[in-house]
Structure formats: structure tokens, C-alpha cells
Amino acid sequence: MSKQFRIKGTGRVDPSRPINFTFDGKSYTGHQGDTLASALLANGVHLVGRSFKYHRPRGILGIGADEPNALVGIRRDAARYTPNLLATQVELYEGLNAVSQNRNPSLEHDRMEVNDKWLSRFIPAGFYYKTFMWPKSAWDKWYEPRIREAAGLGVAPSQPDPDVYTQRYAHCDVLVIGAGPAGLAAAKEAAATGARVILADDRPVMGGSLLAAADTNISGEGEDWYSAGAWRKEVLAFLEKQPNVTLLPRTIAFGYYPHNWIGLCEKLTDHLAVLARGAPRERLWQVRAAQVVIATGAIERPLVFPENDRPGIMLADAARTYLQEYGVAVGQKVAVVTAHDSGYRAAHELKAVGVDIAVIADIRGRSVVSDRAVQAGLNVLTEAKIEGTSGKLRVSSITMTAAGMRSNFACDAVLMAGGFTPSVHLFSQSRGKLVWDNKLQAYLPGDSAEAERSAGASRGRFALAEALADGVDAGREAAQAAGFTPGTPAFHPQVTVKHAIGSGGYLGAAPTSADLSKAKAFVDWQNDVTAKDIVLATREGFLSIEHVKRYTTTGMATDQGKLSNINALGIVSEATGRSIPQIGLTTFRTPYTPITFGTLAGHARGMLFDPARVTAINDWAVAQGAAFEDVGNWKRAHYFPKHGEDLHAAVNRECLGVRKSVGIFDASTLGKIEIVGPDAAEFMNRFFVNAWTKLGVGKCRYGVLLREDGFVTDDGVVGRVAKDRFHVTTTTGGAARVLGMMEDYLQTEWGDLKVWLTSTTEQWSVIAVQGPKAREVIAPLIEDLDVSAEAFPHMSIGDGKICGVPLRLMRVSFTGELGFEVNVPSGYGRMVWEAIWERGKAFDMVPYGTETMHVLRAEKGYIIVGQETDGTVTPDDAGLGWAIGKAKPDFVGKRSLQRPALTAPDRKQLVGLISSDGRTVLEEGAQIVDPAAPKVPIGHVTSSYYSAVLGKPIALALVRGGRQRLGESLYVPMPDSVIGVQVAPTVFFDPEGARVNV
Amino acid sequence: MLIINCPYCGARPELEFAYGGQAHIDRPVQPADLNDEDWTGYLYLRENTKGIHAERWRHLHGCARFFNALRDTRTDHFLATYKVGEKAPEVTRP
Amino acid sequence: MSDLTLVSPAASHKEAGSAAVASPFTGHSKVIAPLGHFGRAVLRVSEDLIDAVSERLGVTLPREANRSATQDDLSALWLGPDEWLLISSEPHDSWAASLQQKLGDALVALVDVSHRQVALGLESPHVEDLLASGCALDLREAAFPVGACTRTMFDKAEVVLWRTGAHSFHIEVWRSFARYVEGLLRIAEEEG
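Residue numbers (the working numbering), protein chains in the order written: chain A, 1 to 998; chain B, 1 to 94; chain C, 1 to 192.
Hints listed in this document are in silico derivations from the structure and should not be mistaken for laboratory results.
Here are the simulated distance ranges between beta carbons:
1) A:605 with C:56: 47 to 57 Å
2) B:35 with A:605: 47 to 57 Å
3) B:37 with A:966: 34 to 44 Å
Straight-line alpha carbon distances no greater than 27 Å define the calculated DSSO-like cross-link-like pairs of lysine-lysine that follow:
4) A:392 with A:520
5) A:801 with C:102
6) A:333 with A:520
7) C:156 with A:635
8) B:83 with A:754
9) A:886 with A:694
10) A:723 with C:102
11) A:385 with A:351
12) A:886 with A:754
13) A:233 with A:498
14) A:754 with B:87
15) A:439 with A:385
16) A:433 with B:50
17) C:156 with A:267
18) A:754 with C:102
19) A:699 with A:754
20) A:333 with A:385
Ideal Cβ placement from N, Cα and C applies to all residues, glycine included.
Please model the entire structure based on the sequences and the hints provided.
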């Protein structure tokens, strides 16, 4: 069967290289160079899908990115199934396995066809909005599951995507989008000036309409003439040789973003039969172009007439292109309905290869073009009305009326030529203003918002000579605007053609005697929107095109109205008696065509999804079998399970180990900032709530930081290492935020201060050694620093050496035990850690993780910013009022602390909670109620743990007026029970604080 | 991605910058002297400009300096950038 | 990428007179290789003292944005209008302290960050493409000549890029981000 539709000697496919493929399980053969669509057509297959709503049989309508019907799934293997690909863009490869969509069980027999046959008059536009309103209870159980089952095209793959996707940033002087005649001419001109040029085209072969140009010649700069194909080859050969040119075939420009930032998606492997392992499937190019030339061509417009959607009915220039590019005749007996001269061109060229032209029906009047067709022996009707078509799974005849005569023409294909719509999507995305051109009946690019220009058919220059000249000018102007000078005067090639594209076009519903309120004359094939639906929408009061779009769904889904928008506008215009510019235009959104999530994600998946920050000690913890948790981007050891311990067993053991003897903890992730300069103390005074002036060198203090609104935003221990130098620590998650906030005040408010800030977070590995034996463990390793209790009391800081490397030692405790934080340059962190670990073995030292750290600090009532605080907690609320330097005239947040709401007596205050049953560990976040008024929560649990050393659960909570409620009984209502709690002080263990001072 | 002209480093991609809100709001020298209403205004009240907006940016992942910019909120086009402490330049709408 | 793990064989760099400085990197290739240990310090100097400080350090602090200067083993990289990254190829544990001594009573801030960051060297005729996999800057030699340096982003990690030759770059990255940057560059290298 395939032979009779393949025209020998035509097109760029290679008949010597047959390619086997399957469609819905059936085997076919195509040629190297085919698309799935051209190969199917070559095999006489038009029926490729069922429509979205009515499940009507649908065929291939177009040839490129505008195809609304031929959506297929391509299956390579279990994990590589891609739904909703356009058969017109899928390149054929050996073994290609394509399946149709939206049909059950097969394309030929589809159960949902009842939607079309019996139900369609009950499901007009807006049907959903009108019908599924009541009863409310039916929505969850009945409507939604069934609508979801019926809705949607294609099936999502069920396995993770095994492919890799890559990305690249690029910069160029001139980005040319589209490699048709205008784009090639522009790229050539720009490249000749020396400008860096990127030329991108979505198709595998560059040339655009030149690839289908028959009997067309283009003049060179001398006496020479080239066929269209030879001219294309010549230009591409020139461009390929230029070191300043990057050619990107199979690359779609999907988005135009501010400041000439363009997103390109390059398809790298979808056309290959065999995939190399690990080779990226797609590459995202993010291009910054000094100048952009948009040469995206035009989209052919269908005609809206009754039953215009049967398989075999397609766009005329698409059919002509299938012939000239792929050597495929779309039928044996073809009818042409046209409102544009290009319909005649298609008829002439098809006739030339022996296709029978049943009729050319022109809805316009007689013309030179129609006369010429008659002279060529073609059967032409003018001023024709198109009444309808017939045929079940393929069009078999078309009916029209002309000169009062109604006639029926048998055919196996109908070609529609409604004219061309410039592809202004990217221009519109760039926020350029579109202008309605009455003569061309099209929206054209008007004033630019970005450094771009359109060229060729994308701005209505449809004829080849016009498009080439426009491309030449655009390329030169773009290069000039980017600072380059063309060396030669502009040359506009001359063109000779046998059949010109001509002019014409039509918008809206084509003339017919049929009653369009009953007939199905499709406007939007993909969304099954008919002329009737649009008229209905206007009758129901939807006048703005944006509203019509949402009510009827015209212009939605993957094709975004590429074919339908202009006809929809024409129908609204006619129905409402307003001009098209008055009706407006819907927004052209990115992406121009669907792109994969993989393209956008790139390598950001798995371990590279986000930077996984690791400390110098990380690998030791991994080797010890630690469980990890994410803290911001950091990987932190959560706990160190032994012999199959769970979290709780490990944490209980770790906690007791620290309290009884000594533990070791990697605190390297704590933020660190070195503050240096003669005004360092003054800066600290202004920034933190505390008073710093009197803090002696070698001493530490716990600092609290507020936002200007008075709420706690960070905390940490600060050591003064010299008169003009502070070592500030922050929370792990707050490091960047605190430094940013400091820089903000310093650079923009306190220019008078001589002080500088440097992040030292990663300069230091911080090894916390905590517990009664901490000093015994580390002292023998330390030189040049006396760490005795007398010389180095709690809250001291000093520099020395440990294991022969530089040491900055802080005697601080977040556990309530004798504790040190050993800071060493992080390249030595692992070595020093292991040295301490070796010595610690004699003391049964335990490594502990962040969970134990949390429990130990909660036993002492130490807050964690972000856990006890949530951005609405003042220092007083958190029990930190003591830290405030009362005598200071100002500090960040001080004024806000006087605001009435922040001084109210019934604010939530931090308290401890003890479960009355002595067993239940409360849930963090649980609400707390007062039995006297149980309906209103008076607070919530912020931290809750089992305390091994106390043998009972403990919790911290923010409770309204909490400090006045010590000893009161409150309740924590949970889904299955109500838990009684008693309000307690926040310090559960060693309330005198004796243990830190040994 | 926007291109932002850092007054110190020149034109650089947006991903190196951090936005800093409305510009030219000086922290009161003596906050204690402000009544609650004025202090609330300083804390919370900002313009919601349609048009040319003076705003703060920081070249966070570049020279790390704060600076000010005039940006047209309708088009995202920057009309000027200038250093902290300088007066906003006179600009005319493009 | 599946073969990137959090654990590596500890590559180390031994320097004279001090303990081995551990490297977080996981390997090296002809194109991408760890550069070993450097002395590093952040120097903050106000405009009026640039000349005096340059003299004391023995290297002229570049005033031009994103430019570097090298004298003997000491390089000064402009990172901001009052900020330079000093890099010494002959590091020792008291290097920053000795630098501080040279500066004397000059009203500047010097902070030792020798271990805060680590360095990767890239060398390839395609080094610009390699970096374009994660860096949005135009790194052609005309725009970013030999000696140019800047803080910027490589994918989601902050780095300092320093062009050391037509085909070579020195990348400074904070230690905890080292494997992330290395992993992405290795992928770019494999993809060619």
C-alpha cells in the first residue's frame, strides 16, 4: 500500500534506507528522513487520534509544531514512554514504537464515541460549569472521578525518567530564531560582519520553507542563479565554516524572557534508534543575546466549515510540503477548499506528480489565479459555499454550492487553504506590541520592548523574495545594533517561481448554507471547540476574548491556539459586530511548545538537586554508620546507632554518655563571622541586644539578635578575640541571613563605622567536646593555652595549638555540662577529630548527633531559634529579657519592643511542660488549652523529648501568660486522647548550673 | 533573567543579585523619639509603585555591595543604578 | 548522578612544616584537578589606604573591578571596591599572621580564610564551554581576559573564578560546596 502514496524522486527522504516502525502495534516502513506523520501518510494512514471531548476520529492536519490532532505516545522501554508528542515532529528511527491516544479500545472503535454521536448536543461549551453544580455531595464521589477518567490526553510514564538532561549558558551578538529563508539570510548577513551568531531551528534540517520550494530559483550576487535547495546548501555551508556561528538544529526557542534572555531546548537523542548510555537527551540553552532576529515564519490557517475534521482533511500547504519534502502524496483524489492563492499552488504541484484534483473550491470570486488553474485543466468553483463532508474514518466526499448548484465530490483528502498567520508568539512574549494589519488580516509585530526585530513571514513578508530581503536587512541591522559593521552593501536576491504563494485569506466561519448552530464546524481541533460554541459564548455574554477562551477552552492545551486563535477572533467579531482589534488577543504564554520537565531540571536531581554541603568530619560520621538529616543544605549526623538501635535507643544512650562522661559532636556547620575594626564593639552594640563594650578580650557572651520589628531572628555565642576583633557564631541556618543583615546595616545605615565582616563558617571545623570529662580528654592535646578551670573558666575564648595545628578554643556549653568547642582550620578538622576520638576512648566518649544535642539543650531550657521562636517571639517571650543591654540607647529592634502589642501582659511565654502521666512524649506543635476555657488554645508545644537522665518526658512550650502559670494543670488535646500537663520552669536539669563551672 | 548594572562591576546576571526592597528609607537616627505610628510606618509601610521604583539591590554573589536602582515595574527595565548615599538620578521614561 | 557519594578517599596535600591539609575533592582528570593548598586571606582596605597597603604587602592591589595582580607567590584578587582575596602559593599555618605583621598598624581588616575554601584548576581548550554548563557569565577571553577574577555563581554554589591562562581557570569554592561543584564539572567534562 505504501508505494502508491510515495512519489519517487521527490523530497529529501532516502528511499535506499528503509526504516521499520510500528503504530498501534501494526508494522510499517518509512524512509530515512521521514517524520512519523510523513511515514504514516506514505502508508496511506490518516487516522491517528481521537478528539479530546467528542472522541471523533482525527487525522494529521498539519506538518509542524501547530499540529493539533496527531498526538502520539512514543515508547522506547518501560521507563521511556513520552505521551503527547506530535507525529509531525517525531523523527522516524528503526524500531520506533508509536501508539495513539484517547481511544479505547482502538482508534477504529472507541467507546467514548457516544460523546459525539448521542451526547454532543448535551455537552456544549460551558457544560461543566453548568452541570456539575449540584448536588454538592456528588462531586467527590461521582463527578470528579469520572471527569478525571474522561479528561486528559496521553498517559504519564509510570517510572522515573532514566534519561539525563543537560544545560548550557550562551552569549551571542545575534540570535536568529528560525532557519527558513529569512532566518538563513539574516544569519548569513550577521555572521559576515564578524558578530557571534546563534541560529536555532526546531527541525532536524535547516531551511524551513526552502525545503519544500519547487521550481524556485534564487539569484546570487554575480550572474549565477541557484535552485532554492542549492541556495540553502550554499548558505548553510558558509555558516558551518564560520567560527563565530553556532548552528542549533532540533532546537526550539520556547520562551522569550526579559533583557533578551531566550530559552532554547535542543533535542539530542530522541531521533536515535540506539541511545548511548548516559548521553543527555536534551540540552537547555539559556542564551543572552545582544540582538534577536525572530524569523519564525507563519502558521497556515484552516477553514471553518461543517465536518471539517474528518481524517484526510488537512492544511493545503502542509499537504504540498509533505509532497515536496518527503515525497508523499496525501491522497489519490484530492479536493481543495481555499481562500488563498496558496491553495492553487498546492493543487498545481500535486497534479504535477499525478494526483487527481477533484475540485478547487474558492470561497472568493474569480481571479487571475483561478483562471490560470482552469487553463491548466483544473476544475475550479468560485464563490463557493462549503456545506459539509462525509466519510467515517476518512473523508470520502465533500459537498459545496457554487453558482446555485450543490455538488458532491468524491475524494480521499480535502486540503484547506485559509491563509497564513504570522507566528508572533515570541515577539509577544518579549512584550512587544502587536498591531492589527487590515490588509493582511493579521496581527503583526509593532513596537519592540526588547532588542529584537522580526523578519520574513513572521511579520507578514510571505513571498520568498520579500522574506529573503527582509532577512538580509534584519541580519545586517541586528549586527549593526550589536556594534558590528557590514563590509558590503546589502544584496537582495531575486527570485523566480513557477507557482507563487500569492495572497488572500479568510477569518472566521467560511460561507455555508448549513446551520452552524447545528453543524460541527471546528475552530479548535485539539479542544473540540466549534463555531457554534464560540457563538454560544458571545450570546451568553462573554465578550472579551480572554473570557471566550476560558468558557469554550478554545486556544488552550498544548497547541495554545496556534491554528485556532485567529478564526475564533473572526467568529467573535462577526457575532458581536466589533472589529478584531476591539476584541483583543489572548496572551501568548511560554513555552511556545511543550517542553519536558527534564529540560528545566537539568542535572538538578538526586545528589545534585541542591548542593549537599558536608563538613570536614562528614566522612568519618558516614564511616561510623551515622544517620543523617538535612539542615538547610547541610548534611548533619542525626544520631550514631549501635547494633541496630533505633533513634530513641541511640539518643538515650548518647545523652547519658555525655552527662556521665563525655561526648563529641560536629558543630562545624554553625555560622561564624569575624568582625574586625576599631568600631567592632560599637557595631556589636548597635546590632545585638546585648551590651558588648565591657566584654573582656578572651571572654564569650551569648548574643541575641532581633529584626527591626523586635522579634528574635538569631542567636549565638560571641567571643572577643582582640579589642578590635569578635568571633561571632550564628545558627546553622542563619549564617548567610545574619551576615547579609549585618552588611545591610553596615553598608546602608552605619557608614560611619570602621568595621569589616568576613564569613569564617568554613574556615573552622568545630569539634564540641562536652561532658564532665571534657577537659581531661582535650587538655593533653593542647599547647600554648592553659585550659585549667581557673585560667579558662566557662565562657572563655583563646588561641593556641592542638595536635600541632592552630586552635581557637571556646569554653561554651549547649548541654549544661563542662564543654569546649575546639575550632581548628577545617583542613585539619578530620585529623584533630580523630585524635580527640582516640583519646576519648579511654573515657567511653560517645559521638552524638543533632538529636541528642537537641535533647540535652532542652533539658537545660536553651532555646533553638526557629523551634522555640517563629518570628513572633520577643526576647522576653523566650525568657531572654536578661540578655538585653538595658542602658543602650538603641539597638536593632529596641524601639519595636516598646510597641503596645509587644509589651502586652498576656503574650505567649516560654515555659516547661511535664506530662502528668510521666510517660507521654507530647507532639511538637500540639495545641494547649486551659480547662477553665478549653475552646481557645492558649499556646503550643515547641520542643518535646524523652529525657533519659530524668527518666521522663520533657517539653518546652509557648503559653499565654505562661510564667504566671507555673504549677497549673493544662491540657493538650490530641485526636485520640487528652493529655494532662503541668506548667514547669524551663530548666529541667541542674537548675543551679553547677555542672558547667567545673 | 534580568541584567543588572552593578555600579561597581557592570552588567551582570540577576542570579548574582539579591533584592532589597524600596530604597531611600533611612533608619531613624533616634528611634526612641518616634511615636508608635511613625515607627510602624518606618517598619511596614512601603510604596506599591506602578512605574519607576527606586529600590535596593545587593550584588550578593559579586562585589557584595548594596546599591540602588530605578526600575520600571511595568517593563522590568532598569533606568539607572547608583551607589548607596547618592541621590537618585533624574530619568525620563523611555 | 549516581556515582557521586558523600565519602571520598581522602586526597591530601602535605606542606612543609605542618600537618596534611585534607582535600574534599574526589579525584582528578587532565581537565579538572584539585590545585592543592593555598594561603588565603580576605583583605578589606578603604580607598585612601590602598597605595600604602600595597606597598607593605609587596603587591599592588588592583583598583579596577574584577582584576588581579601577582607578585612572587602572592596574588591579590579584586572582589569588591574595598575587598581583595589574597592568595599565596606558599602557605603555612602562620602565613596570615605574618601578613598581619607586614600590615602593621594600617587600618584594615585581614581575616585568614586559608581553609574556608579550596581550589580546582580547569585546563582545556574548551574551558569556556565547561564553565558555561553552570556559569551565566560571558567568559570569552575578550570579556574575561587572563587575570580577570570575580565572585559569581556556578549553578547553585558561589565560587570565585580566576582566569589564569587562555585555557585555564582557578576556581575557589567554599569547602562544603566542593563536591557539588566538582560533580557538576565532571558531568560537563564527560558530556564534552
